[in-house]
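Between the sequences and the hints, there should be enough to build the whole structure, so can you do that?
Taken in order, these protein sequences are the chains called A and B. Take 1 as the starting number for the first sequence in the numbering used here and just add one per residue. Take 1001 as the starting number for the second sequence in the numbering used here and just add one per residue.
These are computed hints drawn from the structure, not numbers from a lab. Where is the CB? At the ideal position from N, CA and C, for every residue including glycine. Among the hints, a few may not be true.
Claimed, not checked - Calculated lysine to any residue pairs in the SDA-like style (CA-CA distance at most 20 angstroms, straight line):
id, chain 1, residue 1, chain 2, residue 2
1, A, Lys-155, A, Ile-121
2, B, Lys-1123, A, Ala-86
3, A, Lys-136, B, Ala-1127
4, B, Lys-1079, B, Asp-1065
5, B, Lys-1123, A, Asp-87
6, B, Lys-1079, A, Arg-234
7, B, Lys-1150, B, Asp-1200
8, B, Lys-1123, A, Ala-97
9, A, Lys-138, A, Arg-152
10, B, Lys-1074, A, Pro-88
11, A, Lys-77, B, Gly-1124
12, B, Lys-1074, A, Arg-84
13, A, Lys-77, A, Glu-103
14, B, Lys-1074, A, Arg-234
15, A, Lys-136, B, Pro-1126
16, A, Lys-155, B, Asp-1089
17, B, Lys-1074, A, Arg-175
18, B, Lys-1150, B, Gly-1121
19, B, Lys-1073, A, Arg-84
20, A, Lys-3, A, Thr-165
21, B, Lys-1123, A, Gly-98
22, A, Lys-136, B, Lys-1123
Stated by the list, open to error - From the structure, some residues in chain B lie toward chain A, with a derived Cβ separation under 10 angstroms:
id, residue
23, Glu-1032
24, Leu-1068
25, His-1086
26, Ala-1088
27, Ser-1090
28, Gly-1105
29, Val-1125
30, Asp-1133
31, Leu-1134
32, Pro-1163
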Amino acid sequence: MDKRISSLAAAVAGIEDGMTVMIGGFGGSGAPIELIHALIDRYRATGSPKNLTVINNNAGNGHVGIAAMIEQGMVAKMVCSFPRSADPRVFTERYLAGEIDLELVPQGTLAERIRAGGAGIPAFYTPTGFGTDLAKGKPVAEFDGRSYVQERWLKADVALIKAETGDHLGNLTYRMAARNFAPIMAMAAARTVAQVSRAVEPGGIDPEAVVTPGIFVDCIVEVPNPAQEEDLNRANAYYPEVTA
Amino acid sequence: MTAKLTNAQIAWRAAQDIQDGAYVNLGIGFPEMVARFQPEGRQAVFHTENGILGFGEAPAPGQEDWDLINAGKKAVTIKPGTAFFHHADSFAMVRGGHLDVAILGAYQVAQNGDLANWSTGPKGVPAVGGAMDLVHGAKRVAVITDHVTKDGKPKLVAACTLPLTGVGCVTRVYTSLAVVDIVDGCFVLREKLAALSLDDLQSLTGAPLHLDGAVADLTCPEV
Chain A
1 MDKRISSLAA
11 AVAGIEDGMT
21 VMIGGFGGSG
31 APIELIHALI
41 DRYRATGSPK
51 NLTVINNNAG
61 NGHVGIAAMI
71 EQGMVAKMVC
81 SFPRSADPRV
91 FTERYLAGEI
101 DLELVPQGTL
111 AERIRAGGAG
121 IPAFYTPTGF
131 GTDLAKGKPV
141 AEFDGRSYVQ
151 ERWLKADVAL
161 IKAETGDHLG
171 NLTYRMAARN
181 FAPIMAMAAA
191 RTVAQVSRAV
201 EPGGIDPEAV
211 VTPGIFVDCI
221 VEVPNPAQEE
231 DLNRANAYYP
241 EVTA
Chain B
1001 MTAKLTNAQI
1011 AWRAAQDIQD
1021 GAYVNLGIGF
1031 PEMVARFQPE
1041 GRQAVFHTEN
1051 GILGFGEAPA
1061 PGQEDWDLIN
1071 AGKKAVTIKP
1081 GTAFFHHADS
1091 FAMVRGGHLD
1101 VAILGAYQVA
1111 QNGDLANWST
1121 GPKGVPAVGG
1131 AMDLVHGAKR
1141 VAVITDHVTK
1151 DGKPKLVAAC
1161 TLPLTGVGCV
1171 TRVYTSLAVV
1181 DIVDGCFVLR
1191 EKLAALSLDD
1201 LQSLTGAPLH
1211 LDGAVADLTC
1221 PEV
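Quick look at the structure:
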């Protein structure tokens, strides 16, 4: 077994029109910029994939990563908790023009819905959101004298995540707070693609240190020295690059 | 005597109630200031929703590592004892009753403990983040806020008119004028600025202030 894929283009090849795609990252930390940009390259070359539903904590920042996907017109709907950022104009303008849908989910509910999707739990009850606008229309129930809202699992066709080290079997470690949604998204997608900063032979990761076991990962693609979204935005970067 | 406490003084007052060893989440923005005023000899462990316990202060400019940020997406640092974890574990800490204190900002707090702090209405792009999760699970949910809005309207109200973040969740409010507990659907006044009469404070408050024993003077150093 060898889950390595040699090119970013091959890693994102299976993503089709209308799919639901989970994308790791909290703001820029953990954002798989190279995978996202490879997907944009494919869209620009072939017109596909489009009409995507993207699940991420945010809705892009600046003009790179998810913001660039939205700017290209690839995204029909965002599922996120906080569609604001330092520079949220790309999403904001399309949302206010009615060109993109938004499903706003409390952050912890978003995480637990993804975890539930990966764990085979179709629904669960949470206190979060009870009595608020975001729980309207959802079943509620009382347990031990407190009220809870029923929330459903969230699954995806594909997850694109960024990890630090990956072995050929797909075992992953992460770097600091870049971990955020990646381990649970890896569980909740039918196909999980991880870009790793370092690919190692099996045995190259201490079994005690594995965060995402390889069973949740379908392929890894090595991207040494990946870009940081925050650095790109501080440099006012666009993707694709804007040439004067 | 100052007419009201500064934001830093409100944060200082809230910090005095955080016990040694407490696990604490501070909301984005103004509440983050509470971390600066931990009393000598006490050490709280700060939690941030994106997956860090026990993070340190902001790094020097130019030293940022953008894989190491807080929920407000500002760079932080690690220190001995820092732990990383994924988002589902992070919110298990929140909802599972493992945090001792969450300190949040507010647009409105109602006398029954309802909190409105995420939306000022239907205009623009809605965004909630972790606010609705944080108000459930922490053993104490405290609010720090100016006592009134910028145009002088009460923020402590009989019933919230803005969209709710959570129902019956707030246990204590630290304002620029007073410290108020929420007990059995009532505001109970614990401390107020000495120069302010009870009548004046009541006139700036949107629901009755109840007394339960003596009201202490709210005193803060210049910070």
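What hints, given by number in increasing order, does this structure fail? 6, 23 and 28
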